[in-house]
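Protein chains in written order, with numbering that gives the first Met the number 0: chain Z, 0 to 315; chain W, 0 to 315.
None of these hints come from the bench; they were simulated from the model.
Possibly wrong hints are sitting among the right ones.
Copies of the same chain look alike in the list, so a pair counts if it works inside one copy or between any two.
As the list claims (entries may be wrong) - List of simulated lysine to aspartate or glutamate pairs, DMTMM-like, C-alpha gap at most 25 Å:
1) Lys244 with Asp306
2) Lys106 with Glu36
3) Lys106 with Asp64
4) Lys106 with Glu30
5) Lys106 with Glu12
6) Lys244 with Glu214
7) Lys104 with Glu267
8) Lys106 with Asp170
9) Lys106 with Glu165
10) Lys244 with Asp308
11) Lys106 with Glu116
12) Lys106 with Glu214
13) Lys244 with Asp101
Protein chains: 2
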Amino acid sequence: MSVSIDQVWAAAERIAPHAHRTPVLRSRSLEQMVGAEIHFKAENLQRVGAFKFRGACNAVWSLSDGEAQRGVVTHSSGNHGQALALAARSRGIPAYVVMPEDTAKPKLAAVRAYGAETILCAPSLAAREQISAEVQQRTGAQMIHPYADARIIAGQATAALELLREVGRVDSLIAPVSGGGLLAGSAVSLGALCPNAQIIGAEPEGANDAWQSMERGERVEIAAPNTICDGLRANLGAINFEILKHHQARILTVCDAESVAALRLVWERMKIIIEPSCATVVAVLLRYREQFAGQRVGVIFSGGNIDLDALPWVKG
Amino acid sequence: MSVSIDQVWAAAERIAPHAHRTPVLRSRSLEQMVGAEIHFKAENLQRVGAFKFRGACNAVWSLSDGEAQRGVVTHSSGNHGQALALAARSRGIPAYVVMPEDTAKPKLAAVRAYGAETILCAPSLAAREQISAEVQQRTGAQMIHPYADARIIAGQATAALELLREVGRVDSLIAPVSGGGLLAGSAVSLGALCPNAQIIGAEPEGANDAWQSMERGERVEIAAPNTICDGLRANLGAINFEILKHHQARILTVCDAESVAALRLVWERMKIIIEPSCATVVAVLLRYREQFAGQRVGVIFSGGNIDLDALPWVKG
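So that you can see chain Z by itself, here it is in the shape it has in the complex (with noise of 0.2 Å):
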């Protein structure tokens, strides 16, 4: 199973009427910081302030109406629930999201706002799979994975696609990588359109699976990621991982000390609001810069969904 740029052309058709078509935002000063030309792709500006979206509102609109009609299930404590609530609102069909109990309490009302019926769950893996299996037997909704699909990979892929189309040619396309449907969904945007360039995944150094998957040639976990960037914590899925592997993805990391100043940059320079997850990009972009010196790179900001009341840790 793989994805192909035509799947890709196809989501970005299906989701045209409910995403966002976001900016693409420049920066002299960090242009200058870097000696490279960058086209930032704001998915922060997306709707549920992620590019989660895309990726959640292809799925549902793929759906047949048959299919569609008894809804949609998937496990996430994060962005993919609230994207997948509401790409299910879009089409009016219901949504289920199995959470751990121990999920912060904005979150669940955040999913609960966009439609979606919460189901607490144990917090471990297991339970989440389990007790998806039990809801996706007892409503016959489908199960929608936050990145081991192909459809959400297509989705996600859309946001490159649109950076390439509004830009063009790139030497380089950063992206932050986790369970690998926005960097798998990016190489295959960028290996269409710039099959020359370098597709480079951005992670966290406590959390570095994908750059261990890609070192051994085969799919690495870590059962106990640490980092603060609690978007990219997850393992690479194999089909994600097939496709990195395709595209000879270069994984860089980074510390976390390095993503928070990329971050209070980023919020000063600017003057968007982006996550922790998100500042890995930039903070690959700062301790690489030789890499890209003179290059024209193209950066996906993946969201900016962040809790201003745990604010302190971006104090200097």
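Take the given structure of chain Z and dock chain W to it, following the hints.
Okay, now just chain W, sitting in the frame of chain Z:
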């Protein structure tokens, strides 16, 4: 002395090579809260982080070569100083910025980083004007007032012009009001393109000289404004007041707590950094929402310059 739409078109052409064409943003959640269709012109994403660059750039590039070569001078503790410094650098001419000696160091550093010479003075308007006059006499530099200047007003007017060119007809246009450069400029653009629309100034209750001036039909000055909106403490300029009177501007006031709540809302929902002065426009939309119900509204987001280390006040 007044400002015509032809001067605004000329300003738009003059600054085009230097200023960003900032994006126009929407927010479904804010639109639902207000019950209106709202188009936000994101001047917080402008160079130097505020609309001020437009006016400064227009003023600097309006000078003849003979005038320009001796440089420009102004007094400002805020964004206008940075804007003029960068505008002068874009033309390769000297800039002298007179600043009160109690100005925060990061602001001094920012003006110097843009290549301007800073001159410190006692923290009073009289001292600022005296020192500015001395610098002007010594250097032969052109004085560029922050707002009471037709070139500045025409430059600031280009933000509203771009907004209206992009989104078309609006029913109302809201911008913050301080000295009145932005609001008077916006009134000129709106008056020409949408003569039946209402121009609205957003003003803090603790610095409501514009509201008082429009009520009385004559310019009122406030000696000691009291607001956290540090960009909105100046009194209306004379030319600015005349333009606002001509266009029958309506001033709507908000308290600081409303502006802080509005700022949080924009950071969380729109994922962009705006400063408290800028948040007044959203506070106005929410407090006076019945006046905007069903309307198509244009809004100028004026700026996003904020000290992240002074953040605790955004906490709920």
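Hint check:
no. : hint               : verdict
1   : Lys244 with Asp306 : neither (35 Å within a copy, 43 Å between copies)
2   : Lys106 with Glu36  : neither (36 Å within a copy, 27 Å between copies)
3   : Lys106 with Asp64  : neither (29 Å within a copy, 59 Å between copies)
4   : Lys106 with Glu30  : between (35 Å within a copy, 22 Å between copies)
5   : Lys106 with Glu12  : neither (30 Å within a copy, 47 Å between copies)
6   : Lys244 with Glu214 : within (10 Å within a copy, 69 Å between copies)
7   : Lys104 with Glu267 : between (29 Å within a copy, 16 Å between copies)
8   : Lys106 with Asp170 : neither (37 Å within a copy, 37 Å between copies)
9   : Lys106 with Glu165 : neither (33 Å within a copy, 36 Å between copies)
10  : Lys244 with Asp308 : neither (40 Å within a copy, 42 Å between copies)
11  : Lys106 with Glu116 : within (13 Å within a copy, 50 Å between copies)
12  : Lys106 with Glu214 : neither (35 Å within a copy, 46 Å between copies)
13  : Lys244 with Asp101 : neither (35 Å within a copy, 58 Å between copies)
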